[in-house]
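Respectively, the protein sequence lines represent chains H and V.
Residue numbering for the first sequence follows our numbering, starting at 1 and increasing by one per position.
Residue numbering for the second sequence follows our numbering, starting at 546 and increasing by one per position.
Hints in this document: simulated from the structure, not taken from any laboratory.
What you were told as hints is all true, and nothing was included just to trick you.
List time: in silico SDA-like cross-link candidates among lysine to any residue, alpha-carbon distance up to 20 Å:
1. H:Lys465 <-> V:Val614
2. V:Lys659 <-> H:Asp455
3. V:Lys662 <-> H:Ile439
4. H:Lys465 <-> V:Pro655
5. H:Lys111 <-> V:Ser610
6. V:Lys659 <-> H:Ser441
Derived contacts from chain H toward chain V, CB cut-off under 8 Å, selection only:
7. Glu106
8. Arg110
9. Ala436
10. Glu440
For every residue, glycine included, the Cβ atom is placed at its ideal position computed from N, Cα and C.
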Amino acid sequence: MGDKSFNKNERASNRETLSGIPVKEVYGPEDVKNKELGMAGEPPYLRGAYDGMYTRQPWRIFMLTGAGDVEEARARVEYALAQGETGFAAETDMSTWLFFDVDHPEVMKRKQDVGWFGAPVMSLNDYRDYYGSLPLGRLYCHTGAVLPHMTPYFMSCFLRVLEEKGIPANKVNSTGQGDFFIAYISILDPSLIPPSAGLKLNCDGIEYAVKHVPRLTPVSIAGNNIRECGANSYQEMAAILSCAVSYIEELLGRNLKIDDFAYAIGGVNLSTGSDFFEDICKFRAMRRMWYNLLRRYGAREQKSLRLRIHGLPLGSIYTFQQPLNNIVRGTYTVLAAVLGGAQSIGTPSFDEAICTPTQLAHTTALRTQQILMNESNVTCTVDPLGGSYFIEALTDEIEGKAWDFFNKIQGRGGFISCLESGWIQNEVAESSMKSARQIESGKRKIVGVNCFEMDEEPYKFRPFKPNPRTWELSMASLERLRKDRDQVRVEGAKKELRKSIRNKENTMPATLEAVRSGLTVGEVGDIYRELYGRWGVPSMAGLKS
Amino acid sequence: MKGRIRVIIGKTSLDGHWRGVQAVATALRDAGMEVVYVGMSSAEMTVRAAMQESADVIGLNVGASYSQVEELIRLLGENEMEDVLVILGGVIPLADIPKLKAIGVNEVFPPGSKLNKIVKYIQENVNAQ
Chain H
1 MGDKSFNKNE
11 RASNRETLSG
21 IPVKEVYGPE
31 DVKNKELGMA
41 GEPPYLRGAY
51 DGMYTRQPWR
61 IFMLTGAGDV
71 EEARARVEYA
81 LAQGETGFAA
91 ETDMSTWLFF
101 DVDHPEVMKR
111 KQDVGWFGAP
121 VMSLNDYRDY
131 YGSLPLGRLY
141 CHTGAVLPHM
151 TPYFMSCFLR
161 VLEEKGIPAN
171 KVNSTGQGDF
181 FIAYISILDP
191 SLIPPSAGLK
201 LNCDGIEYAV
211 KHVPRLTPVS
221 IAGNNIRECG
231 ANSYQEMAAI
241 LSCAVSYIEE
251 LLGRNLKIDD
261 FAYAIGGVNL
271 STGSDFFEDI
281 CKFRAMRRMW
291 YNLLRRYGAR
301 EQKSLRLRIH
311 GLPLGSIYTF
321 QQPLNNIVRG
331 TYTVLAAVLG
341 GAQSIGTPSF
351 DEAICTPTQL
361 AHTTALRTQQ
371 ILMNESNVTC
381 TVDPLGGSYF
391 IEALTDEIEG
401 KAWDFFNKIQ
411 GRGGFISCLE
421 SGWIQNEVAE
431 SSMKSARQIE
441 SGKRKIVGVN
451 CFEMDEEPYK
461 FRPFKPNPRT
471 WELSMASLER
481 LRKDRDQVRV
491 EGAKKELRKS
501 IRNKENTMPA
511 TLEAVRSGLT
521 VGEVGDIYRE
531 LYGRWGVPSM
541 AGLKS
Chain V
546 MKGRIRVIIG
556 KTSLDGHWRG
566 VQAVATALRD
576 AGMEVVYVGM
586 SSAEMTVRAA
596 MQESADVIGL
606 NVGASYSQVE
616 ELIRLLGENE
626 MEDVLVILGG
636 VIPLADIPKL
646 KAIGVNEVFP
656 PGSKLNKIVK
666 YIQENVNAQ
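Here chain H stands alone, though its shape is the one from the complex (with noise of 0.2 Å):
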């Protein structure tokens, strides 16, 4: 047990915000500088993007599943989507992330670690199996490329299977991830390539997209990700507004228009966290300076403009003690997310923090948003906590906080080139430090962890593990595709593909052959390491690796 004395309920919390912004301890009119709020669905889109907002159209509920092998994955989607999730992302096994194939020695070593984070995708064919039953074209959905280099190949997965199926892809609302975050500051793994080539990856899946299948937003920017890995708000600001000028520049060097491109970097995930307010002003404010950026680069279409933001509560608030206790806070994480304008919105399951969710949380986040949506009336006016004085203050403060550091990561060569030199990982390992100390010492209460303890768990359930044969299955399935594919179109799409990148060419044509003539996501991450390179992962730290 802890020490007692933080089991006090404090009369004031902190005065500053989460990211060390001063509070004061009352607003008033002159704390408001910027009379000039506009209106949602108008420059700067401040208050909104959309015209309306949730009195025209509720968000969208877009939550991530994804669970053991193939056949439990896609059962989980189909529960989650008959329970009313209006979109859905179905999640892939770490191996698939780091384009092993499952008979890779780094994945042999762990061969009953596969499938707890999401059901191996080796092919067209594991992608066939998963995705090809769930309803694609109907609902919203991702194409299930989570890390910059898997853009190219996942999307051509997605083109092939709604091919099969008969459905015109450019008729289909979709996005991709494809972040920087989650490869290069969370998973910090040698096998990766590095940064440079995976904004080459990236924007080739978006020059692609915006040619061929305008609908689909092959990358978003994933804020979240950084935010879990400690970084703070106006962190998260910047760092996402430096990784859209490193798209903007590599594609404006393709000849490509601003107007022509620009909707298909601007839909991106922000976190909501442990600060209420500050994570509304944030989604206010983000939207205002990514209108301040796009208009330097020329930009004058509204859906250029515009800023879509997907928000995230986020799963690294949630506790693994009491885990009933994240259920309230998932609720106001989505409620931050809510009052802060966002499209659409993702939640955490309260078992979050202790394993890959089970169907119960799954569901109860799902009913988190479902009751805020439709109880709770917060949908009745556009942007409701606009013109609040503190609300307005902290908007144009925490906007200041996060152009400094945007000019900070500019100044020292911009977002790739921090990346390569670790400097963006260690800011954030400072933040995380920070925040732990504060965990630590007490000055920040987590109920549950460092006040208000329990000596025995008062909730028993039973963690979601993975079926056992996950490996076994993904192997079999590998083995067939390798007996019964053609292995002179394989050869030949691998000697395309090489051309490709050796050419500095757009990869997408290839990498649709690729995948249509069977090759595996292990053959196509070889061929990246062969020509790409490996990524020299930074130190962090200062900690010797």
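Starting from the structure of chain H, add chain V where the hints point.
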């Protein structure tokens, strides 16, 4: 008089959650220990690193199954390195702790463990050996 305490820290599974690992590693370094982080490293690679660095302690973050922990304990035995302290952290159900200690893990620090408790445990138990 022995020099600085040397610690190898790694993750047993293919998994990207390093935030807790980094917090522990930083706290140990700040307490004067020498910390080498080996990332998502297999049991074999972790033991090799421990051998090269003459480590006193191996700290493992466990993310999924315990297969790599079992393998690591076996390899330590095979190499006559039983005196290396093995401690675990990560999302470990409390009910599994006795089972892990029975196979040779010295101590388990489940989520919510205080950093200074981990530091103190290592200081007391390395010096005791």
